[in-house]
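Construct the entire structure; sequences and hints are all you get.
Residue numbers (the numbering used here): 1045 to 1478.
Since the hints were made in silico from the structure, they are not lab data. All the given hints hold, so there is nothing to weed out.
FRET-style restraints, in silico, Cβ to Cβ:
#: 1; residue 1: 1096; residue 2: 1239; range: 27 to 35 angstroms
#: 2; residue 1: 1284; residue 2: 1253; range: 30 to 38 angstroms
#: 3; residue 1: 1320; residue 2: 1459; range: 31 to 39 angstroms
#: 4; residue 1: 1284; residue 2: 1390; range: 33 to 41 angstroms
#: 5; residue 1: 1382; residue 2: 1180; range: 56 to 64 angstroms
#: 6; residue 1: 1107; residue 2: 1064; range: 18 to 26 angstroms
#: 7; residue 1: 1124; residue 2: 1155; range: 20 to 28 angstroms
#: 8; residue 1: 1104; residue 2: 1253; range: 42 to 50 angstroms
Nothing here was measured: the structure is a model prediction, and the numbers come from that model. Beta carbons are placed, not taken as given, at the ideal position from N, Cα and C, and that holds for glycine.
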Amino acid sequence: MDIQNFGTTKSYLAPQLEARSHPDKGGNGVFARESVSESTLLAVWTGVVIDEEQLETVPPHIRAYVAQIEETLYLVSLPPIEPADYINHSCQPNAGMSGQIGIVALRDIEPGEEICIDYAMCDGSPYDEFRCSCETPGCRGHVTGNDWMLAELQERYHGYFSPYLQRRIDWQRESLGVADEPLEFTLHAITFGSELMDQAQRIIDAGWPEFMLHDAVANEHWFDLYRKFPDYQFALMTRTGGKIIGIGNSVPLTWHDDLANLPDEGWDWALQRAVADWETWDAPRIQCALSITLAPEFRVKGYSSQMVQAMKSLGGAHGFDYLIAPVRPSMKQQYPLVRMESYARWRNPDGLPFDPWLRVHARLGAEIIKVCHRSMHISGAISDWERWTGLTFHDQGAYPIPGGLVPVEIDPSNDRGVYVEPNVWMAHSIWNAE
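Set out below in C-alpha cells:
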C-alpha cells in the first residue's frame, strides 16, 4: 500500500512543547519547553483512517506511528512524521487520551520533562507489542494490546482511555453485575511468558484429569492462545488480596453458517480453526469458549457463573453476538456408559439440565445446540494410559476411567488406547443475556 497517495495532514502540538532527539535513549520524543498545567491539551494526532486488512500492508517503519481509534480502525500518520507523532510510551505517563486522537496533561508538567502516554490507554489489539524500556519504577516490562484489562490501570487511567476501550471496560463491569460500584472481582489479561500465565497453567494442570492434558491439538496449539489471542485469555481475581478465582480461555472464530451446523469435532476443531483464521487474517464473527478452570478454593462457592459472565463480557467488548462452547458436562463422568444425547436431555423438576455445568450455562441464557461426538481425541500407548489413570489394562476392550466421560478403547495388539470425548455444543446470545 502506497500511503503517500492518501494526501497530507497536519497534527497539533501545544506551543509549550517541542519534538527533538532523546538525550538518553536515542530516537525522538516530545518535551516540555516550559511549564504546562494539568488538563492542558498537549497534542492532537492526524492521519488517515485504515482498517485491519490495510494495517497489515503498512511498512514497519510507519507502523510504529499507528494508533488504534476504534475496534477495527486505526489512524496512520503520513510521511513526513509530524511532531505530535513522537509522543512515546511510559508505564508512568504524565499525559492521557482525550477522545480518540487528543492528548491532555494528567498533572502539572515541568520544563524538560518528556511527554508520554501509556499505550494501554489507546491500544486494544496486538498490532504493536514490544518490550518496554521506560525504566520507571512501575514498568511492566512488556507492553501488549490487552494491558487495558489490567485492573490497576483501569483505576489509574479512569477518564483517559480511548472511547472504544472505555466501552469495553464499561461492558465488562456491567456484565459482572457491578456497574459503577467498586469491583469485588477484577479481570486480568494473561500474556505469554508472564508470571500470571505460569500461575494459570498450574491451576489448569491441577484442575483436569491427567489424560485430558494430552490432546494432540491442545499440545500443538495451546500456547498460541496467549501468543495469538491474548485478548481472550483472562484470570478473574479478587479485588482484595489478588487471589485467582479462575482462568478463562477462549478464541475468536470465523463462522458464517447456522449454529446448528457446528462440527462434530467440537473442541479440537475450534482451536485449530481459530489458529487457521488468524494465519489467513479471516475476520472473526463469534467467540468460542475452550476452558473455564476454577482455583481449588473457589470450586464450591458458586463462581462458575461469574467466570462465564466474564468470558461473555470479553465477547461483548469485541462486538460479537454469540459465545459458543463445546461444554464438558461435569457429572457425566459418573455415567460413562450413558450416551451423551440421553444425558444432555436429563432434566431436574424445574426444567433445567440435570448436569451442574450444563445448568450454569442454561441459567445464563445458553441453549443446547447438539452433541459434538468427537470433540477431543486423545491417543497414547497403553503404558501412557496406565500412568495417566492409575489403572492396569490387560485385555482389549472399553474401560471406564477416572474423570472420563466415556470409556477408553484399549487395543493391546497395537499397544494403543484411544479416548474420543463427546461434548455438548451450547450457545449464548451475548447481547440478550441480561
